[in-house]
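S.K.: One-letter residues, chain by chain:
There are 2 protein chains.
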Amino acid sequence: MNELEILVRLNLSGMVGSSLLRRLLEHFELRRVPALSRRELQRVPGIGPLTSQAIVEAPDPGPEIELAARHQIEILPSTGPLYPPALRSLYDHPIVLYRRGATTEADALAVGIVGSRDCTDYGRRQALRFGQELARLRLTVVSGLARWIDTAAHRGALLAPEGRTIAFLGCGLLRTYPPENARLLDEICARGAAFSEFPLRSAPETVNFPRRNRLISGLTQGVLVVEAAEKSGALITADWALEQGRDVFCLPGSIESPLSRGCHRLIKQGAKLVEEPADILEEIPVFASLVEPRIPLTPLERGVLRRLTARPSTPESLTLLTRLPATSVEHALETLVTKGVVRRDRAGLYLTADK
Amino acid sequence: MNELEILVRLNLSGMVGSSLLRRLLEHFELRRVPALSRRELQRVPGIGPLTSQAIVEAPDPGPEIELAARHQIEILPSTGPLYPPALRSLYDHPIVLYRRGATTEADALAVGIVGSRDCTDYGRRQALRFGQELARLRLTVVSGLARWIDTAAHRGALLAPEGRTIAFLGCGLLRTYPPENARLLDEICARGAAFSEFPLRSAPETVNFPRRNRLISGLTQGVLVVEAAEKSGALITADWALEQGRDVFCLPGSIESPLSRGCHRLIKQGAKLVEEPADILEEIPVFASLVEPRIPLTPLERGVLRRLTARPSTPESLTLLTRLPATSVEHALETLVTKGVVRRDRAGLYLTADK
Chain R
1 MNELEILVRL
11 NLSGMVGSSL
21 LRRLLEHFEL
31 RRVPALSRRE
41 LQRVPGIGPL
51 TSQAIVEAPD
61 PGPEIELAAR
71 HQIEILPSTG
81 PLYPPALRSL
91 YDHPIVLYRR
101 GATTEADALA
111 VGIVGSRDCT
121 DYGRRQALRF
131 GQELARLRLT
141 VVSGLARWID
151 TAAHRGALLA
161 PEGRTIAFLG
171 CGLLRTYPPE
181 NARLLDEICA
191 RGAAFSEFPL
201 RSAPETVNFP
211 RRNRLISGLT
221 QGVLVVEAAE
231 KSGALITADW
241 ALEQGRDVFC
251 LPGSIESPLS
261 RGCHRLIKQG
271 AKLVEEPADI
281 LEEIPVFASL
291 VEPRIPLTPL
301 ERGVLRRLTA
311 RPSTPESLTL
321 LTRLPATSVE
331 HALETLVTKG
341 VVRRDRAGLY
351 LTADK
Chain Y
1001 MNELEILVRL
1011 NLSGMVGSSL
1021 LRRLLEHFEL
1031 RRVPALSRRE
1041 LQRVPGIGPL
1051 TSQAIVEAPD
1061 PGPEIELAAR
1071 HQIEILPSTG
1081 PLYPPALRSL
1091 YDHPIVLYRR
1101 GATTEADALA
1111 VGIVGSRDCT
1121 DYGRRQALRF
1131 GQELARLRLT
1141 VVSGLARWID
1151 TAAHRGALLA
1161 PEGRTIAFLG
1171 CGLLRTYPPE
1181 NARLLDEICA
1191 RGAAFSEFPL
1201 RSAPETVNFP
1211 RRNRLISGLT
1221 QGVLVVEAAE
1231 KSGALITADW
1241 ALEQGRDVFC
1251 LPGSIESPLS
1261 RGCHRLIKQG
1271 AKLVEEPADI
1281 LEEIPVFASL
1291 VEPRIPLTPL
1301 ERGVLRRLTA
1311 RPSTPESLTL
1321 LTRLPATSVE
1331 HALETLVTKG
1341 VVRRDRAGLY
1351 LTADK
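Each protein sequence line maps, in turn, to chains R and Y. Taking the numbering used here, the leading residue of the first sequence gets 1, the next gets one more, and so forth. Taking the numbering used here, the leading residue of the second sequence gets 1001, the next gets one more, and so forth.
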């Protein structure tokens, strides 16, 4: 078995995340793992009878890999170059991720939008609004494809021209949950991607969703909680965000609405009260400079800045990305450097000044 | 002229607060002030032609003092024992206060409730609720008798059995503004008091209200802003509260309501988001211990604690106030001391442990 096959097989066992894999590799080479006996596996701290049984009895990964290929689903090993770096930095990330659609460098700037499945018109309306406005500002909108709030957030992002959105599913990518969102999922994958850590045909088990939530927050700079009842899964996402060092943003609401209670509790605990997209942007270093009136930017500068990330870019790549004349891009880069928003590294490449 | 007459006369000039009076007394004895010429007055830094003219031309205080007496209105000089200590500690407090009704030691624990005159049903409903619940918990509800929010706050306090409420007016106490609140004002004065720093027949001039707001916040431990548009006078009260070191509490609301914008701005700046009366109580040291589950108290202990303030009380006075048997009060005091909520001073009197 090659590396991908071994990782898919371990993932099919349902018992191995990156944390256990790390310990496993302290004792054995990866290529030896498929041949290990239960007794050998149990030498690894944290692997007991159940885990060792699950690993030994995990099915042949061949059919799963073929099935993925047949459906244009990529399987990204956590060791590979396509695995999202933000997720790889999570303590216990999935050892493989299934991906339908595509991600781009632009997805490095992302905001999660989450909320209770029970929600009000207010919550749905604002999820749509924030989805659309944040996507228009070139932030990728990440959510969970669930009914109401998640759905509104994805739809909002799709309403923005070139808006990008990513869905993390709590089931395998060959299932659609909730079923009425099949069409929406197609649209999301055409303008972004759907991810899952669960094998392709996994059912949407209740236990999957809290796990899934850590990836929503993990991929983003911060998470906006639109509405959340006191025991909502959205609060789990907010807890993950805090643990991962991501920002937590909350929409306030009427104190008479049980669905705003979770948001109010988070605000009392220090989450940021949000009324406008600018409230989110100003917390994200690369976008903070866009929030007027701190540093007024021309539309041209703004267009160039939106394509810049913390990773150095050449003027040529920016010209390609912005579809602007090379001289305009060069001029904008010069003035952005003067305004302190952008800096040049030693190689003469441009990057955002905040990092 | 006696001291009260001189202070009333200076107050009638409309130009002398405690800050200017302090400087005046650095140069002259109070009894000499009525005889001073404009030229002599102008020796005092801060007294120019306008102020000196207003002082010299201020009317005889006799008729004002008689008028007050005829209407059972007391005039409290800032130097006298009846002047509220919390207001005397303000940097530029009124040199006299007119009072209709009565204040008691219980008013040392007070919360202001303020809001835009424009408001929603939500704001009125919550002002009534918080007025009633805070008054039930033995906090005196302080507001400004204005339409809607203020009115609802006062009415809420009056709904609580023995609930106390105080109104600060932006006009003289012989005027009622708004006129439809004449009956409400009578009820307030029967269960609390109305105060004004303005001469008895002063009209409700626009400039009076921001001045008046500093007294609302000044008399309280903190101010609850129920609803406030972006340029509401309620925000002025909140600013005064911050300047005076009082807490600022805010009700959140829909981000689609312009009347919650002021509250949201304050929360972003650090004001405390409030959903329940407990959110307010826990910031007020003497009441913090009541908020479950920090220190569980029996109903008896609670009844006794409610009557205790930062000023030492005898068990006898507490027996009178609580209308409980003396032995029960003594037992409750003992257990409250054990629980660390109450302490005895050197004279053996009881006071709250937080101060």
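Keep in mind the hints are simulated off the structure, nothing from the lab. There could be a bad hint or two in this list.
What the hints assert, rightly or not - Computed cross-link-like contacts, DMTMM-like style, restricted to lysine to aspartate or glutamate with a CA-CA straight-line distance of at most 25 Å:
1) Lys1272/Y - Glu243/R
2) Lys1272/Y - Asp107/R
3) Lys268/R - Glu1330/Y
4) Lys1272/Y - Asp1247/Y
5) Lys268/R - Glu1187/Y
6) Lys272/R - Asp118/R
7) Lys272/R - Glu1005/Y
8) Lys268/R - Asp1279/Y
9) Lys1268/Y - Asp345/R
10) Lys1231/Y - Glu1256/Y
11) Lys1231/Y - Asp1121/Y
12) Lys1268/Y - Glu66/R
13) Lys1268/Y - Glu276/R
14) Lys1268/Y - Glu205/R
15) Lys1231/Y - Glu276/R
16) Lys268/R - Glu1282/Y
17) Lys268/R - Glu1230/Y
18) Lys268/R - Asp247/R
19) Lys1272/Y - Asp92/R
S.K.: For every hint, state whether the structure bears it out.
M.R.: Consistency of the hints with the structure:
A hinted pair counts as satisfied when its Cα atoms are at most 25 Å apart, and Lys1272/Y with Glu243/R qualifies at roughly 24 Å. In summary, the hint linking Lys1272/Y to Asp107/R is not supported, as the alpha carbons are separated by about 35 Å, beyond the 25 Å threshold. Annotation: proposed proximity of Lys268/R to Glu1330/Y is violated, straight-line Cα distance about 38 Å (limit 25 Å). Among the hinted pairs, Lys1272/Y with Asp1247/Y is consistent with the structure: their alpha-carbon atoms are about 8 Å apart, no more than 25 Å.
Under the criterion of a C-alpha separation no larger than 25 Å, the hint pairing Lys268/R with Glu1187/Y is inconsistent with the structure, at around 36 Å. Only pairs whose Cα atoms come within 25 Å are accepted, and Lys272/R paired with Asp118/R is accepted, the gap being roughly 22 Å. At most 25 Å may separate the alpha-carbon atoms for a hinted pair to count; Lys272/R and Glu1005/Y exceed this at roughly 54 Å. Under the criterion of a C-alpha separation no larger than 25 Å, the hint pairing Lys268/R with Asp1279/Y is consistent with the structure, at around 10 Å.
The hinted pair formed by Lys1268/Y and Asp345/R fails the criterion: a straight-line CA distance of about 36 Å is larger than 25 Å. Annotation: proposed proximity of Lys1231/Y to Glu1256/Y holds, straight-line Cα distance about 17 Å (limit 25 Å). The hinted pair formed by Lys1231/Y and Asp1121/Y meets the criterion: a straight-line CA distance of about 20 Å does not exceed 25 Å. Straight-line distance between C-alpha atoms of Lys1268/Y and Glu66/R comes to about 52 Å, which puts the hinted pair past the 25 Å bound.
Distance restraint check for Lys1268/Y and Glu276/R: the Cα-Cα separation of roughly 12 Å lies within the 25 Å cut-off, and the hinted pair is therefore satisfied. This hinted pair does not check out: Lys1268/Y and Glu205/R have alpha carbons roughly 39 Å apart, beyond 25 Å. The hinted pair formed by Lys1231/Y and Glu276/R meets the criterion: a straight-line CA distance of about 18 Å does not exceed 25 Å. A threshold of 25 Å between alpha carbons decides the hint, and for Lys268/R with Glu1282/Y the separation of about 13 Å falls inside it, so the pair holds.
Under the criterion of a C-alpha separation no larger than 25 Å, the hint pairing Lys268/R with Glu1230/Y is consistent with the structure, at around 22 Å. Between Lys268/R and Asp247/R the alpha-carbon distance is near 15 Å, which keeps this suggested pair within the 25 Å criterion. Under the criterion of a C-alpha separation no larger than 25 Å, the hint pairing Lys1272/Y with Asp92/R is inconsistent with the structure, at around 36 Å.
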